[in-house]
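Chain P is already provided as a structure; the job is to place chain S on it using the hints.
Protein chains: 2
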Amino acid sequence: MDNKTNNLSHKSIRLFTNNTLERHLLIKIDGEDYHYLKNVMRISSGDELFLFNGIEGEWKSKVVQITRKYIKLEILHKNREQINYTNIECFFSPLNNNRHNYIIEKLTELGILSFTPVLTSYCNIRKFNQSKAFLRGKEAAEQCGLLQVPNVNEMIKFNELLKQEFKNKILIFFDEESPLKNPIEIINSLKGKKISFLIGPEGGFSDIERASILELNNVVRLSLGSRILRADTAAIVSASIIQFTFGDI
Amino acid sequence: MDNKTNNLSHKSIRLFTNNTLERHLLIKIDGEDYHYLKNVMRISSGDELFLFNGIEGEWKSKVVQITRKYIKLEILHKNREQINYTNIECFFSPLNNNRHNYIIEKLTELGILSFTPVLTSYCNIRKFNQSKAFLRGKEAAEQCGLLQVPNVNEMIKFNELLKQEFKNKILIFFDEESPLKNPIEIINSLKGKKISFLIGPEGGFSDIERASILELNNVVRLSLGSRILRADTAAIVSASIIQFTFGDI
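In order, the protein sequence lines correspond to chains P and S. Oh and the first sequence: position 20 is 8 in my numbering, straight run, nothing missing. Oh and the second sequence: position 102 is 90 in my numbering, straight run, nothing missing.
These aren't lab readings, by the way, just hints derived from the structure by calculation. One or more of the hints may lead you astray.
Same chains, same names: a pair is fine if it fits in one copy or spans any two.
Straight-line distance between alpha carbons at most 30 angstroms, and here's what the computed DSSO-like set of lysine-lysine pairs gives [what the hints assert, rightly or not]:
{"no.": "1", "residue 1": "Lys169", "residue 2": "Lys126"}
{"no.": "2", "residue 1": "Lys157", "residue 2": "Lys115"}
{"no.": "3", "residue 1": "Lys16", "residue 2": "Lys66"}
{"no.": "4", "residue 1": "Lys66", "residue 2": "Lys169"}
{"no.": "5", "residue 1": "Lys157", "residue 2": "Lys169"}
{"no.": "6", "residue 1": "Lys181", "residue 2": "Lys169"}
{"no.": "7", "residue 1": "Lys120", "residue 2": "Lys145"}
{"no.": "8", "residue 1": "Lys169", "residue 2": "Lys179"}
Next comes chain P alone, as it looks inside the complex:
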């Protein structure tokens, strides 16, 4: 399936950086990325790798120095122009055993670029490690050839979700109590709109929460079918259906 992944991870390493990318610039890689390049990928002087910063496209670079603290790269030339992706925002509930990181990884592969954890009544996870989740998304973006890394926002409480402005966008609410309808047909009718979607916690939403969501403006309530899907499965299924229906493939 993913021959390309293989090529990318073993032959062409890709790295997200906050640096400006410009021909002949020299940049230093330290911290986690230094460890990854040196100890995991066993990079050597002269090796080439790709860099992207979410703004200026993808650039080829060459290792010019490896010290005990950093790796120095020289930027050679631009390899791909920047792509600006459709921003589909995902609201989700944190899951047991950090399984929400799995959601971030898989949904990044599927092109979702904004994640906001929402604390609901039946959610038994109260802490969310934002930087760990960001790293999971960054790594997925690097591996799957994206030219942007996803935003992982701070956790918000359910009431703050209700205060969100859905005036200019649609919130797709995948609700297990929604009557069965063909989701593909309905999502098809939303083409051209700004889309966000909401995935509930393991324990589901409370009746009060469900009612509050349905009272919001611009909410589309959809069913994921008669099957009982775990929250992480539901997230991947939702993102697949939205992306494939929108034809953003």
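Quick look at chain S alone, frame taken from chain P:
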């Protein structure tokens, strides 16, 4: 999202059994299931749980005895009639770190009931733990409310896949080198047909393998888009698209 999962796993335990299910029968649960009921679910005498055997529907039963080796259940009454699901067969390549078990778990939730691992040239996993994979599917079927557990077949070599009879069914081949087409539209046109689908290994198919697949009869070649998906993501996305397009939700 999965309020129902919660109910099922904490309030209504479901268990697959090979026993005949009939009113007033007494049956013994031992082995792994005994351990699960006693030590994980901490079941007590008088507790009720659901049983299904893939043939005779779902039955309510009551714990009548708990010994140090087994739990005895009395079958009370039928709760749901047997459902016979559409059999969509998944061929996949074994993945590193047993990540194929994740494919089996998620695809079971999505209603796929037959799994056959295929050994290909670029696949670096040569052993496949069939019973572990079966247990993963059984557990998913128990948790997601299915009335059947999936078959997990023995691993076959790529050449045996080619000998498979696709005369009476379609093989959907998700091929990263396929030109971009709208997969939903094409799958839609296959309604009413018997479907199987093939997910490649991490390293992709070799050129010879790809050519041999495309030479088979009744193969539909589809793209999962321009994104680079890992093999496990590709599997879930494929199953979602097939199930939702077929409307078997």
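Going through the hints against the structure:
In this assembly of identical chains, the alpha carbons of Lys169 and Lys126 lie at most 30 angstroms apart only when taken from different copies (28 angstroms versus 35 angstroms within one copy). Taking CA atoms no more than 30 angstroms apart as the test, Lys157 paired with Lys115 passes inside one copy only; the shortest distance there is 28 angstroms, against 49 angstroms between copies. For a Cα distance limit of 30 angstroms, the shortest separation of Lys16 from Lys66 inside one copy, 18 angstroms, qualifies, whereas the shortest one across copies, 68 angstroms, does not. For the identical chains of this complex, Lys66 and Lys169 are inter-copy neighbours only, at 29 angstroms across copies versus 46 angstroms inside a copy, given an alpha-carbon limit of 30 angstroms.
Both within a single protomer and between protomers do Lys157 and Lys169 lie at most 30 angstroms apart by alpha-carbon distance, with minima of 21 angstroms and 27 angstroms respectively. In this homomeric assembly, Lys181 and Lys169 come within 30 angstroms of each other (Cα to Cα) both inside a single copy, at 20 angstroms, and across copies, at 22 angstroms. Taking the shortest alpha-carbon separations for Lys120 and Lys145, only the intra-copy value of 20 angstroms comes in at or below 30 angstroms, while the best inter-copy value is 39 angstroms. Taking the closest pair of Cα atoms, Lys169 and Lys179 come within 30 angstroms of each other both inside a single copy (18 angstroms) and across two copies (18 angstroms).
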